[in-house]
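Using the hints provided, position chains B, R and E relative to the given structure of chain A.
Protein chains in written order, with the numbering used here: chain A, 1 to 304; chain B, 1 to 304; chain R, 1 to 304; chain E, 1 to 304.
Just so you know, these hints were derived from the structure itself, not from any lab.
Take these hints with a grain of salt, some might be off.
Said to hold, decoys possible - The calculated lysine-lysine pairs, modelled on PhoX-like cross-linking and capped at a C-alpha distance of 20 Å, are:
| hint | chain 1 | residue 1 | chain 2 | residue 2 |
| --- | --- | --- | --- | --- |
| 1 | E | K249 | E | K16 |
| 2 | R | K58 | R | K37 |
| 3 | E | K269 | E | K220 |
| 4 | B | K278 | B | K37 |
| 5 | B | K163 | B | K282 |
| 6 | R | K80 | E | K249 |
| 7 | B | K269 | B | K249 |
| 8 | B | K249 | B | K16 |
| 9 | A | K80 | B | K249 |
| 10 | B | K80 | A | K249 |
| 11 | B | K269 | B | K220 |
| 12 | A | K278 | A | K58 |
| 13 | R | K163 | B | K163 |
| 14 | E | K163 | A | K163 |
| 15 | A | K37 | A | K278 |
| 16 | E | K278 | E | K58 |
| 17 | E | K80 | R | K249 |
| 18 | R | K16 | R | K249 |
| 19 | A | K269 | B | K269 |
| 20 | A | K278 | A | K249 |
| 21 | R | K220 | R | K269 |
| 22 | R | K269 | E | K269 |
| 23 | B | K158 | B | K132 |
| 24 | B | K278 | B | K58 |
There are 4 protein chains.
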Amino acid sequence: MNYQNLFSEIAVEAQKIEDSGAVATYIPELGNIDPNKFGIHLTTLDQRRYGLGDFDEKFSIQSISKVLSLTLAFELEGEKLWSRVGIEPSGTPFNSLVQLEYENGIPRNPLINAGALVICDILVSRLENPRKDLIEFVRQLSGDGNLDYCRRIAESEKKTSYKNAALINLMKDFGNINNDIEVVLDLYFHLCSIELSCKDLTQVFLYLAANGINPLTGEKVTSISNSKRINAIMQLCGFYDEAGEFAYKVGLPGKSGVGGGIIAIHPGKYCVAVWSPKLNQKGNSHKGMKVLEFLTTRTQSSIF
Amino acid sequence: MNYQNLFSEIAVEAQKIEDSGAVATYIPELGNIDPNKFGIHLTTLDQRRYGLGDFDEKFSIQSISKVLSLTLAFELEGEKLWSRVGIEPSGTPFNSLVQLEYENGIPRNPLINAGALVICDILVSRLENPRKDLIEFVRQLSGDGNLDYCRRIAESEKKTSYKNAALINLMKDFGNINNDIEVVLDLYFHLCSIELSCKDLTQVFLYLAANGINPLTGEKVTSISNSKRINAIMQLCGFYDEAGEFAYKVGLPGKSGVGGGIIAIHPGKYCVAVWSPKLNQKGNSHKGMKVLEFLTTRTQSSIF
Amino acid sequence: MNYQNLFSEIAVEAQKIEDSGAVATYIPELGNIDPNKFGIHLTTLDQRRYGLGDFDEKFSIQSISKVLSLTLAFELEGEKLWSRVGIEPSGTPFNSLVQLEYENGIPRNPLINAGALVICDILVSRLENPRKDLIEFVRQLSGDGNLDYCRRIAESEKKTSYKNAALINLMKDFGNINNDIEVVLDLYFHLCSIELSCKDLTQVFLYLAANGINPLTGEKVTSISNSKRINAIMQLCGFYDEAGEFAYKVGLPGKSGVGGGIIAIHPGKYCVAVWSPKLNQKGNSHKGMKVLEFLTTRTQSSIF
Amino acid sequence: MNYQNLFSEIAVEAQKIEDSGAVATYIPELGNIDPNKFGIHLTTLDQRRYGLGDFDEKFSIQSISKVLSLTLAFELEGEKLWSRVGIEPSGTPFNSLVQLEYENGIPRNPLINAGALVICDILVSRLENPRKDLIEFVRQLSGDGNLDYCRRIAESEKKTSYKNAALINLMKDFGNINNDIEVVLDLYFHLCSIELSCKDLTQVFLYLAANGINPLTGEKVTSISNSKRINAIMQLCGFYDEAGEFAYKVGLPGKSGVGGGIIAIHPGKYCVAVWSPKLNQKGNSHKGMKVLEFLTTRTQSSIF
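Bound-form chain A, shown alone:
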């Protein structure tokens, strides 16, 4: 595949897409972003890199980071993890309480808010310095020792995030949160506040295209089997109630964030990240999804 030509085509195509969505405003700090930002970056397993637009500008990756906390908790807990969180699509919006109440405080999967809160609870229990150890894990994946949380975003979210407080209190009531609520929420908000560029993202997540190996260092991030399993979970649960749409149109496992970022993995081939802040009604980047659909259609690179 000649990705250089492909990126030239994407540049033309991206211009044509009417960008009808709206920037997320529920976290005040996110509402300040320039809605016309657009970047895309692709890194192949053999470390070829292709970028377009604002691919080198850092932005708030938000829920995309839930894949990283899942990877870390899965390494620490193993299959035991699934007694506290499921692996099924939720069929409901990303922060619904209904299912939690019907299902005794066990979130459907680790990529919705409730599930990610349980993952954070596990990390608080397991790690010596949860906040420090978690960012260190991301730094190693990226090869950039200066990566950090955005305290401003974390604080902004903390002040306004009543829905997440409702979710964690409900789970605590069901006995599925072991640590102090404030401590777990603090880790969660920091997790969501990580800022990476599209270029960074393709590096950080490349291990999922590479059977669990960090291609930069050759170190094992997770087992082959777990790497496939995380991809499977992303495929089924990575886009809230638009997971089917993404599988249907893009055909790759991936994960979105309300900051407007999306990553997608072609196992054995590449990792691609796109950024465009305007979200569609389901909370996923409008233009980001369209560009990825174009990319996989042109390259016929669906896993299906």
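Just chains B, R and E, lined up with the frame of chain A:
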């Protein structure tokens, strides 16, 4: 991959699996099946064939046939199809009415009962002789001109299927069924009554591993794009509320039926079918899922 | 209380009420009614009678008749009745399937559609000639031997009532319908098709203001205790998800129908019936509720 | 009615009732209560008083106090109140989040936890010293200037009440809580912690049997109309998902608390309070409900 050796291993492994499920009894005729039947068959794109146990015995494929009616309706309607049925996982059991009521009679996807009823309604509208044309479509895929519905099963289901009658009446109330309810239900029960062996199944569904081409005849069943899309829908919706479990453990798109059959597709490589009548609590073949997990683990043949 | 003066006041008041609702159209025959019809009639325990407007014109009482079928079935079954239908408010619209699915096919109460269908199933089991015996029961209450079902309305509803067919099939699936679905639906549609005037209604339902005695004949319709219990059920369940509103504003047990009729009972004092076909968003007569609120406010005749 | 004789009969009857329930334990302090406590007290409008058993011992009235906060907030806000909380039965357990999520953070009624939290939010906005002013209001009703909150119970509930924290956070997210969450919860827990005896309760709530007048002082607590309306709300919403059962068997408006207390009102006649700590599966006093059923059956004093 040496599939011959693999099948020897599977023969040993299948013996070890404790078969704790129960045969489906809600259709009286299904309850008469020998619960200890077990067969598996794999056909590769280049037409190598491997079988074990009762792989050549016909059984009621039930919901597996929903992939065939979907393929046919998708060819006839194209993208318009998705105005009447979704492509998202349901997150609920296979025959739930709750979601239908909340979502104005639009089923979540074409592989749950409600969705398959809508597909049958479309076939009734589109085909000259729906029952005849549908079985003819399956005959062409299989290369066996004698394949047929099992009238006994179809009649048995018709007499007892109050839940499906509830589903179709609810959708009719919402205006999402155009034809006479009795006519649509008749086609639906016949669709579910098709009997195929594991060997037949791997032949019939091989087009989904072959970019939409029937390898037997070289004829195009559906487009490359639609073939991938049907695989994506199977991956997300093929196992009711155990879709995540199947993606996680087996890692291939597939579809199960309450007759105890499961098919799975490795795009570009093979189609495999397994049959074991005892079902787990989610309504999927207990042993069938375990054997497929063993197969894909041993061959590392997950799409993820 | 000088009801004559009250009715003069009501005549003035009724003119003032802006009638913003809409006539029910889901049964085609109901849509043909003159939306400006308005009648009210009150009968006291000592057989004083007060009427206004179209109080002597018969109309389709629809769900109001569910109180009559309940009274009859309660006499036949006694407390055993409550194993098949509850006595709690539904908290949902009158024909919802959601609760039925969550609660194993046991309807919340006998005044929502699902509950009334169970009551009809009981009557089919218990009565020799269900249709004939039921109308005979109503004739005795009214003292009018010519009262009858409206076959045209019954047929009209039968042809279009997919939601009721969904409800009864779902309950049959749960084992809570013993007789043939068509037979039960036929009785149900006939039950709903009964036509009475406001004047008739106050006579028919007077037994509920009179501790279970038909004041016309002195015959016992039901026991004191059952009479109070039926009133209690009406109070909690007689207005779908507007039961609280009716209790709050009118303060009497009552029952509405989509034909625009409402009856209300002041135990020990009177029965009042009102008719105005335009319904509010909850499916209850808009003007009817306002007039009854005026009546009980002016007379301070709430039971609370 | 000879209440003296009635109370002798109740003494005999109460012995016979098998007390199969369980003491509430979700608030640790409540679990310490002697499960065999039993008291009942009735006060008539003309200030005759009848007591039995532990009728003069104070206990935690818990949710019964929600009627008092409602009365106070209703006086302060008037009909405007109903834009923030409904008057319909919930049809679900007392602390469900499901309905709140579906209905945009507007609780179904002021007697479930969510609704009482909104009422507390209103009191925090309206009163100068919410905690002090609220207890003062109760003191005036009772004529006992020493009545107080139980700080131990309030603290105990505060530490363990994750479900209430979930509810209020969810409503804050929907914009239906105006004040600081901690402040509102503090008032709520104090409200629930009030300790009164059965004798106190019949005095405190007598205004609802007396058209809103405090018979002790002759002062107007609330208007006639509001008094009736509060009774109507109690009738429909006072017993969570057992409201229909209470209306059916007891036939009076009332309110229960998890401390095992129940009050019931016969408008124009009396107020009765009963206490027995063992709760049935719906969270209402098992023996309390049975004794009240006996009382109203013997005296035929249902409002229906």
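Checked hints:
| no. | hint | verdict |
| --- | --- | --- |
| 1 | E:K249 / E:K16 | 18 Å, holds |
| 2 | R:K58 / R:K37 | 11 Å, holds |
| 3 | E:K269 / E:K220 | 18 Å, holds |
| 4 | B:K278 / B:K37 | 9 Å, holds |
| 5 | B:K163 / B:K282 | 17 Å, holds |
| 6 | R:K80 / E:K249 | 15 Å, holds |
| 7 | B:K269 / B:K249 | 19 Å, holds |
| 8 | B:K249 / B:K16 | 18 Å, holds |
| 9 | A:K80 / B:K249 | 15 Å, holds |
| 10 | B:K80 / A:K249 | 15 Å, holds |
| 11 | B:K269 / B:K220 | 18 Å, holds |
| 12 | A:K278 / A:K58 | 16 Å, holds |
| 13 | R:K163 / B:K163 | 13 Å, holds |
| 14 | E:K163 / A:K163 | 13 Å, holds |
| 15 | A:K37 / A:K278 | 9 Å, holds |
| 16 | E:K278 / E:K58 | 16 Å, holds |
| 17 | E:K80 / R:K249 | 15 Å, holds |
| 18 | R:K16 / R:K249 | 18 Å, holds |
| 19 | A:K269 / B:K269 | 18 Å, holds |
| 20 | A:K278 / A:K249 | 19 Å, holds |
| 21 | R:K220 / R:K269 | 18 Å, holds |
| 22 | R:K269 / E:K269 | 18 Å, holds |
| 23 | B:K158 / B:K132 | 19 Å, holds |
| 24 | B:K278 / B:K58 | 16 Å, holds |
The structure meets every hint from the earlier list without exception.
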